[in-house]
Every structure is written in C-alpha cells, then in structure tokens.
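All chains should be built: construct the whole structure from the sequences, respecting the hints.
Those protein sequences? They're chains D and W, same order as listed.
Residues in the first sequence are numbered from 247 upward in steps of one, following my numbering.
Residues in the second sequence are numbered from 15 upward in steps of one, following my numbering.
Mixed in with the good hints, there may be bad ones.
Stated by the list, open to error - FRET-style restraints, in silico, Cβ to Cβ:
#1 D:THR355 <-> W:GLU171: 37 to 47 Å
#2 D:ARG265 <-> W:GLY287: 44 to 54 Å
#3 D:ASP357 <-> W:GLN36: 43 to 53 Å
What the hints assert, rightly or not - If the Cβ cut is set under 10 Å, some of the chain W residues that face chain D in the computed set are:
#4 ILE23
#5 ALA105
#6 GLU171
#7 SER260
#8 CYS358
#9 CYS361
It should be emphasised that the hints constitute simulated quantities derived from the structure, not laboratory data.
From the three backbone atoms N, C-alpha and C, an ideal C-beta is built for every residue, glycine too.
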Amino acid sequence: MLTEEEKKEIMTEIAQSERPQAACLEALKIAQKYRGWVSDEGIRELAPLLGMTPDELDAVATFYPFIFRRPVGRHVIYLCDTVSCWIMGYETMLDHLTKRLRITMGETTADGRFTLLPVSCIGACDHAPAMMVDQELHGDLTLEKIDSILDHYK
Amino acid sequence: MERPLTQHIKNNGQPLTIDEYQRTGGYQALQKVFRDMNPGQVQEEVKAANLRGRGGAGFPTGAKWSFVPMGETAPRSKYIISNSDEMEPGAFKDRLLMEGNPHQLIEGLIISAYAVQADRAYIFLRWEYLQSARRLAAAIEEAYGKKYLGKKILGTEYSLEMRLHTSAGRYICGEETALLNALEGKRGIPRSKPPFPQLSGLWGRPAVVNNAETLCNIPHIIAKGAQWYRGISRSADGGTKIYGVSGRVNRPGAWELPMGSTIREILEGHAGGMKNGYRLRGIIPGGASTDFLLPDNMDMKMDYDSCQTAGSRLGTGTMIILDDRTCPVGIVLNLMRFFARESCGWCTPCREGLPWLAEMLHAIETGKGSEEDLEILSAQCRLLGPGHTFCALAPGAVEPLQSALKYFRDDFVRHIKERKCPWR
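Now the structure itself:
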C-alpha cells in the first residue's frame with residue numbers, strides 16, 4: 247500500500263507534468279525510494295493515478311534497469327562491465343567481488359546487505375574500472391580500494 | 015588555442031554558480047539574442063557556423079532547426095530537448111560540461127529554444143549522472159531566479175519553461191525518437207521516421223533534440239559570431255570538440271581541442287601515449303558504435319569527413335584504445351554483449367541477431383569456433399547493417415565487428431586454430 251506521503255509526492259509530480267503518464271517513471275522512483283523495489287501491488291496502485299493500465303505501467307517499469315521489480319539488498323553495487331572498464335580490469339574486480347560477497351552477478355548477500363548488478367558504461371571511462379554503490383560513483387578501482395569502499399556500507 | 019566550452023571550468027571540481035558564469039560573460043549571448051536578433055537570424059548564424067551535432071550522427075544543427083514549423087500558424091506547444099543521455103560506451107564528455115558549467119548548457123538551450131520558438135525545454139539526463147542532476151536542477155532554479163526562464167523572459171514577449179527529466183537506464187533512450195517515447199512515459203523504443211520529430215515529436219507536436227555538447231556551443235557562436243567559430247576549427251566543421259581517450263594510456267581524460275585535431279595530438283600529446291609495456295593496436299575513434307582505425311591513421315584529423323574517409327565515424331569523438339595485451343576478439347565480444355543487452359527488442363533482426371553474434375564470438379573466444387563462423391559473422395554484419403533494422407542501434411553494433419574481422423582476422427583465425435584465446 248502506498249503511504250499518504252508517497253501519494254502526495256506522486257501527485258505533486260503528476261501536477262508538474264504535462265500529462266499524467268509523463269510522470270510514470272518518477273512515480274515508480276518514488277515508490278522504489280520508500281521500499282527499495284516496486285511490487286506487483288505497487289504497479290496496480292500506481293497505474294490508475296497515471297491514467298495507465300497496470301500492464302502499460304509494468305511495460306515501462308520492466309524496461310528500465312534502475313527500476314527493480316524484485317527486492318534488492320540494502321545497498322546495490324553496479325559494476326560497470328562495458329568496454330573501457332573491461333579493458334582496465336573488470337574481470338578481476340568481478341572475481342574479487344563475487345568471492346568477497348559469496349554471490350554471483352544478480353544475487354543478494356545472505357545478510358541482505360549487498361546486491362551485485364551489472365551496469366552498462368557509466369561514463370567514467372577515464373577512471374576505469376569503475377562502479378557505483380547506490381548513488382555514489384567510485385573510480386580507479388583496485389582490489390584494496392573495493393574492500394575499503396564496501397566497509398563503508400553497512 | 016581557444017577553448018570556449020571548457021576554459022572557465024574550475025579545477026576544484028565545483029560548478030560555476032550563476033554569478034561566476036555571468037562574470038565570465040555568461041548569459042551575454044542570451045541578452046544579445048533578446049535585444050538584437052529574431053529567431054531566423056539566430057538560425058542563420060548557427061548555420062553559417064557549420065556546427066554539426068556532437069551526439070554522434072553529425073547532422074548540421076542549423077539545418078535540423080530549419081524543419082521546425084515557424085510563425086503564427088505553427089502548432090503549439092513546441093519543444094526543445096537536450097539529449098544528455100550520454101550512454102555511448104567510451105563517452106564521458108557531456109558529463110564534464112554539465113558538471114563543470116551547467117549554466118552554459120542552460121543558456122545554449124534557451125537560445126536554441128528561442129531560435130525555433132519553443133515554449134518548453136527538457137533536459138533528458140541519464141540516471142547515473144547524479145552529480146550532473148543535482149547541479150543542473152540547481153542551475154535551472156538560479157536561471158528562473160534571474161528571469162532567464164519563465165514568463166516574459168527579460169521583459170520580452172517570449173516565455174519558456176524548462177524541466178529536468180532523469181531517466182533510469184537503457185542505451186536506446188539516446189536515440190531521439192526513443193527518447194521522445196520515454197519522455198511521454200512510454201517504453202523507450204524508437205519510432206519510424208518520417209514523420210520527423212521537428213514536425214511530430216512530443217505528443218504529436220514539433221520537437222528538436224540536440225546533444226548537450228552541441229547546445230553548449232550555441233552561446234559562443236552567438237556571442238562571437240559564425241566567422242570566429244569557423245576560424246577556431248582546423249577543418250570544414252566549425253568550432254572545437256571535446257575529445258576523450260580511455261584504455262591503457264598514461265593519462266585517460268577529455269580535452270577541448272580545435273575540431274580536426276589529429277589522433278596523434280590527442281593520444282600522444284594529451285593522453286600521454288601508451289602506458290609503459292603496452293603497444294597500440296587499434297583505435298575505436300568515436301565510442302563503441304564506430305569502426306576500428308589502425309595505428310597507420312595516427313595523423314588523421316578527427317573530424318566528420320576525415321573519419322568517414324578512413325572508414326569509420328567521428329561519433330562522439332571519445333576514443334577507446336586497443337592495446338597489444340588485450341584480445342581483439344574479447345573486446346568485440348564485450349561490445350556485442352553490450353549491444354545485445356541494450357537492444358530494445360522492438361525489431362527482430364536486432365533482438366535476435368545481436369545475441370546470436372555475441373554467442374558466436376563467445377564460441378570463438380573460448381576456442382570453440384570454426385573458420386566458417388567468420389563468413390557467417392561477415393554476412394550478419396551486412397544483414398544487420400543500415401536499412402535492415404528499425405533504428406541505428408544494430409548498424410552501430412556491427413561497425414566494430416566488421417572492421418575487427420578485416421583488421422584483426424589473423425587473431426580470429428588463431429583462436430580457431432589454437433582452440434583457445436592466445437591472450438589467456
């Protein structure tokens with residue numbers, strides 16, 4: 247169930263948009279901000295506010311990699327796997343992350359702390375290899391640097 | 015050497031505030047436009063400057079604007095959009111401009127909006143550029159505060175509303191018609207053209223989509239004139255270019271240089287040459303969807319026509335360097351997996367073809383390929399090329415592959431003969 251607070255934020259977005267549907271991505275982001283992901287129930291609740299059918303909204307939600315239709319951990323690690331990062335050592339970084347976290351790409355750690363996801367080029371090619379953790383960018387990665395970065399996310 | 019786009023960007027990583035931007039001459043071009051120029055004159059100046067689109071396709075900006083219906087009978091609303099969805103692998107130039115000097119983009123967008131008499135402007139930004147998002151949002155507020163945006167700008171009859179739209183991933187959203195669908199709140203899949211966006215773009219109304227770097231050039235063209243702008247270039251295409259280099263070089267980065275600077279100047283002069291122990295084998299000059307060039311091309315000018323003559327494209331002007339300790343088959347496999355994942359799935363050749371190409375490349379890379387595969391790959395490059403797919407994603411995807419098959423054929427054959435990757 248969307249809270250009153252969420253609904254208010256979503257209605258503000260809709261009011262600022264030229265048409266309700268144009269606010270659908272922001273609405274999905276708001277729902278995700280409060281619970282980490284967007285459930286089927288969330289889609290069904292949001293759709294009528296946006297003048298969309300649940301299927302139409304789900305078609306948009308599933309299109310975008312940064313809208314989660316399944317639960318994720320408290321923190322999401324996005325490791326860039328695209329060309330410049332790949333040249334500069336992506337595979338070594340991935341190997342280290344999967345061993346340290348004991349998960350493979352796409353999985354969440356048993357304690358719910360981290361989800362590891364691939365991400366297409368994040369435009370940090372001059373600091374490859376690079377990754378994002380939640381909303382923060384980390385570049386010029388080394389194995390030691392990855393360890394000290396992850397320690398900051400509880 | 016003039017660097018109009020980047021000379022005022024600070025070294026401390028902080029953006030220019032509106033006051034700082036104004037002290038460097040910022041918003042002077044906008045004042046000049048509202049004081050002295052009609053929309054047609056702005057369009058003419060930009061045409062005369064030979065500004066070509068910096069997003070990859072290189073379409074002349076003034077010509078792009080000229081298709082927008084003008085005058086009393088033109089449909090309303092009209093839209094202008096900054097394509098700030100920089101997602102071409104290897105490209106990080108728009109980020110530099112948006113983080114360092116957000117007002118330059120906003121001023122460029124306002125002047126361009128005036129030139130086509132748009133009443134609404136959007137900045138379509140990729141999700142990952144959170145720093146750009148914060149700075150652009152703050153800068154838009156500041157611009158409203160100074161009456162550069164909103165109703166009756168600077169006391170004229172012209173009004174413009176500007177909004178920042180932050181996306182949520184997907185390479186295809188950088189394709190202008192997919193971007194328009196995404197802005198409307200639909201799946202970001204491309205549309206067929208015609209009708210072109212300038213006639214039927216956003217909600218069926220005229221819309222112009224320009225790349226962020228392109229728009230950042232506009233205030234300078236207006237402030238100093240088309241003749242000056244052509245003069246700072248070393249080629250027929252006007253202006254400067256933000257060139258970038260990534261890969262095994264000493265100083266990866268991006269630099270504003272005269273349009274038409276050579277690969278050697280960029281790679282050796284600015285990126286500091288190859289890292290010790292690495293030899294240059296190939297250059298992808300303009301982001302992932304451009305054909306490889308070879309070390310023989312070092313003295314080639316990085317402009318639209320020279321790149322085309324050499325069999326590639328300037329694209330985004332941000333080079334990816336292939337060194338001798340990186341497997342050419344591996345790099346192409348990595349690129350193909352990117353394109354296969356980012357295919358929007360709308361048209362069959364792209365949705366089915368790209369994963370299949372990635373599978374074949376994976377087989378070769380892991381020693382399970384056959385010589386026949388090379389012929390099939392070549393044939394597929396033609397079948398996924400221009401004219402066979404709905405948009406330019408698949409034709410772009412096969413550009414590095416088709417040139418790798420030509421230039422690094424021996425390396426493909428070695429994988430097949432030795433039944434393994436010689437680099438592993």
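> Of the hints given before, which are not true for this structure?
Replying inline: 1, 4, 6 and 9
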